[in-house]
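There are 2 protein chains.
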Amino acid sequence: MFGLSSGHAFPGCSCCRPLFSGLDAVAGSPRSMTPTNIEALGESRRAGVPKSDGPVIDCHGHYTTEPQELLDWRKRQIAGINDPSQMPSVDSLRISDDQLRASVEGAQLRLQRERGTSVTIFSPRASGMSHHIGDASVSAAWSRVSNDLIYRLTQLYPKNFAGVCQLPQSPGTAPDNCIGELVRCVTELGFVGCNLNPDPTGGYWTEPPLTDRWWYPLYEKMVELDVPAMIHVSAAANRAFHTTGSHYINGDTTAFMQFLMSDLFKDFPTLRFIIPHGGGAIPYHWGRYRGIAQDQKKPPLSELVLKNIFFDTCVYHQPGIDLLTRVIPAENILFASEMLGAVKGIDPETGHNYDDTRRYIEGSTILTPDEKRAVFAGNARRVYSRMATLPFGNP
Amino acid sequence: MFGLSSGHAFPGCSCCRPLFSGLDAVAGSPRSMTPTNIEALGESRRAGVPKSDGPVIDCHGHYTTEPQELLDWRKRQIAGINDPSQMPSVDSLRISDDQLRASVEGAQLRLQRERGTSVTIFSPRASGMSHHIGDASVSAAWSRVSNDLIYRLTQLYPKNFAGVCQLPQSPGTAPDNCIGELVRCVTELGFVGCNLNPDPTGGYWTEPPLTDRWWYPLYEKMVELDVPAMIHVSAAANRAFHTTGSHYINGDTTAFMQFLMSDLFKDFPTLRFIIPHGGGAIPYHWGRYRGIAQDQKKPPLSELVLKNIFFDTCVYHQPGIDLLTRVIPAENILFASEMLGAVKGIDPETGHNYDDTRRYIEGSTILTPDEKRAVFAGNARRVYSRMATLPFGNP
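As given, the protein sequences belong to chains U and D, one line each in that order.
As numbered in the working numbering, residues 8 to 402 make up the first sequence, in order.
As numbered in the working numbering, residues 8 to 402 make up the second sequence, in order.
Among these hints, one or two may not hold up.
Any copy, or any two copies together, can satisfy a pair, since identical chains are not distinguished.
As a list, the in silico DSS-like pairs of lysine-lysine whose alpha-carbon atoms are at most 30 angstroms apart [said to hold, decoys possible]: (1) Lys351 <-> Lys273; (2) Lys351 <-> Lys305; (3) Lys273 <-> Lys166; (4) Lys166 <-> Lys82; (5) Lys273 <-> Lys82; (6) Lys304 <-> Lys273; (7) Lys305 <-> Lys228; (8) Lys273 <-> Lys305; (9) Lys273 <-> Lys314; (10) Lys228 <-> Lys166; (11) Lys304 <-> Lys166; (12) Lys314 <-> Lys82; (13) Lys304 <-> Lys351; (14) Lys314 <-> Lys351; (15) Lys351 <-> Lys228; (16) Lys304 <-> Lys82; (17) Lys314 <-> Lys228.
Simulated from the structure, these hints should not be mistaken for lab results.
Computed from a predicted model, the values in this text were never measured in an experiment.
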């Protein structure tokens with residue numbers, strides 16, 4: 008049911024294309040792990056960007072500028088599902104450090120400099136996870152090669168990137184199978200969190216809700232490791248949905264509502280989730296959710312979920328950010344851009360990139376200076392608590 | 008796949024319970040079609056409700072206070088799917104006019120008076136449609152009895168209710184099958200529109216997108232009859248979703264994104280859709296959608312969709328309504344409350360019912376007085392153009 012024929016899927020769709028294909032041509036340099044830090048703060052910035060008086064942690068960045076070799080490896084892997092003779096080994100992927108550098112220096116790192124971001128919490132391309140393709144063994148190998156590239160980037164640019172891992176989820180497979188890769192990424196590779204897909208089917212939603220005990224072994228390990236998960240679906244395999252336009256946003260809304268109706272955080276008081284894309288539809292309908300919880304005789308949302316759930320700022324216009332900051336406590340908001348991500352253009356209404364979300368936070372008349380500092384860095388340090396263990400300390 | 012075992016479904020779930028069960032007991036009076044109009048404007052209102060200087064059309068009301076006889080009929084119908092001997096006929100439903108009056112006078116009509124609503128565009132309970140139950144013949148009979156009750160209410164209270172019909176959709180059945188019931192309701196019963204379910208499966212989303220030619224025959228008839236459709240999913244049969252908390256909102260977001268990616272309105276320039284619940288997540292992420300359209304080289308959303316798509320005001324807090332009115336042109340916003348609907352309680356932050364949405368419009372500092380009049384009535388008259396044919400003329 009969830010094979011290659013199920014609608015559009017990475018790597019063929021427009022959501023999943025490399026964004027900077029010109030960069031893919033750089034190759035062949037000798038591998039080197041010498042760190043090349045890009046100091047964002049203190050560098051000159053594009054004219055007109057408002058100043059910040061502290062560090063800026065972008066908690067939601069994806070490696071969407073992968074070298075072509077990675078995409079080719081994935082193509083062979085997908086071909087190998089039906090023709091095992093084509094299945095590549097994890098070790099067969101060859102990408103040089105220079106290729107990795109070239110893939111980010113004109114893209115994520117340039118934008119970090121231009122926009123004044125100190126560090127990006129960085130994970131594999133979200134739509135690329137495509138857990139609906141193949142079985143758990145396919146997801147395991149694909150997660151491993153994807154996470155290993157993130158790790159190498161965190162080693163090449165230890166002040167610019169903190170790693171977050173893709174999990175080897177697969178439809179119908181209990182999430183216990185993700186524990187090994189999570190432990191490897193956190194304890195061996197120094198990652199600070201994971202991305203958790205509430206719907207590995209890509210839009211058919213046949214897994215148990217996130218509040219089902221099906222997921223508990225993974226949560227136990229997250230708590231033990233003290234790492235949060237960003238709730239993030241992947242490419243839509245169901246043609247009803249547009250990956251970045253509706254499937255992502257619906258995934259966020261669905262997950263929040265599952266949490267609201269549950270007692271999950273009684274069982275896991277320290278479990279932490281980030282709901283990206285500004286929390287989907289949730290803040291816009293905050294009155295609806297407060298009212299539904301009240302009708303269900305549940306405590307106020309501040310007690311019920313806001314000790315455990317956080318929203319990012321991937322909302323691409325000032326009115327949306329203003330709504331978010333009006334209704335959600337500042338301590339529950341983490342700065343993020345989702346770049347290079349869903350929207351690439353320049354907003355003709357502002358003359359700036361839609362995803363230059365820092366401007367909306369800087370431009371907020373709702374947040375106090377202290378709250379802006381918390382949104383820009385303090386909250387991310389608290390939620391991604393293992394950031395403190397990384398080379399840059401507490402950016 | 009979409010039978011009774013598919014998760015929770017009307018009439019067992021909490022979303023689907025009668026709200027005023029005490030009213031169901033009134034029965035046995037002789038049937039009478041004598042109209043009993045309740046004049047909302049000019050009557051005394053609850054203290055503290057701001058004044059309006061014109062009529063108020065609520066474009067989104069559901070008959071959620073149905074007499075028990077209707078729910079019992081539906082139970083027998085569901086039982087009849089597996090045991091044809093129990094299948095009731097359409098004609099076997101017996102509900103008196105007094106029962107109908109009792110079902111709305113202490114509920115919808117009382118709230119119309121208290122909140123100063125002139126007329127409600129009224130349709131069967133949305134979650135009750137449950138198109139995933141049974142086959143097209145089951146949906147046909149259920150739609151007919153449900154719509155007939157709405158008709159009788161419009162005859163009993165011709166100044167208070169305008170009818171909108173449920174369609175006999177069924178998973179996998181081409182929507183051509185809905186044309187007969189649509190024509191009957193509009194031409195024989197005087198209805199002004201229909202509710203269209205983009206996902207008759209109740210959360211598995213296996214139908215073609217709303218922009219597929221699968222739906223075109225129905226659209227042709229809508230255009231010919233000059234009636235709009237409110238896009239409205241029904242009860243969630245998929246346990247991943249909460250009916251009113253995520254499935255409804257996701258349905259709205261999904262439909263809009265389908266429209267955005269299509270050329271549907273080139274084929275049907277006069278086709279009109281209302282996306283309820285404030286447009287799902289759309290206004291909150293308006294920058295995202297403007298940016299996605301731009302990346303796709305499409306015209307601005309004002310040209311691409313806003314001649315054909317309208318949003319209601321079922322957003323249950325002032326910040327949400329303020330966001331809606333900041334980003335969506337006033338001419339695309341129709342007043343609605345969704346009562347008696349998803350949220351029944353009183354907001355402790357305001358002391359008023361969450362779904363008393365008129366207060367948020369009255370309280371808006373963004374809309375001008377002219378725009379408020381358009382939101383309250385003028386836009387509904389334009390979109391539901393057949394309102395002008397009803398006994399109350401143009402409220």
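Verification of the supplied hints:
1. Lys351 <-> Lys273: Between. Shortest inter-copy distance 26 angstroms satisfies the 30 angstroms Cα cut-off; intra-copy 40 angstroms does not.
2. Lys351 <-> Lys305: between (41 angstroms within a copy, 14 angstroms between copies)
3. Lys273 <-> Lys166: Close neither inside one copy (36 angstroms) nor across copies (51 angstroms); limit 30 angstroms.
4. Lys166 <-> Lys82: Result: close neither inside a copy nor across copies, 32 angstroms intra and 63 angstroms inter.
5. Lys273 <-> Lys82: neither (43 angstroms within a copy, 37 angstroms between copies)
6. Lys304 <-> Lys273: Result: close within a single copy only, 16 angstroms intra versus 48 angstroms inter.
7. Lys305 <-> Lys228: Classified as within; 28 angstroms inside a copy, 46 angstroms across copies.
8. Lys273 <-> Lys305: This pair counts as within: shortest intra-copy Cα distance 13 angstroms, inter-copy 47 angstroms.
9. Lys273 <-> Lys314: For Lys273 and Lys314, the Cα distance is within 30 angstroms only inside one copy (11 angstroms; across copies 48 angstroms).
10. Lys228 <-> Lys166: Intra 27 angstroms, inter 61 angstroms, cutoff 30 angstroms: intra-copy only.
11. Lys304 <-> Lys166: neither (46 angstroms within a copy, 37 angstroms between copies)
12. Lys314 <-> Lys82: Classified as neither: same-chain Cα gap 41 angstroms, cross-chain 42 angstroms, threshold 30 angstroms.
13. Lys304 <-> Lys351: between (43 angstroms within a copy, 12 angstroms between copies)
14. Lys314 <-> Lys351: between (33 angstroms within a copy, 26 angstroms between copies)
15. Lys351 <-> Lys228: neither (36 angstroms within a copy, 39 angstroms between copies)
16. Lys304 <-> Lys82: between (50 angstroms within a copy, 28 angstroms between copies)
17. Lys314 <-> Lys228: within (19 angstroms within a copy, 51 angstroms between copies)
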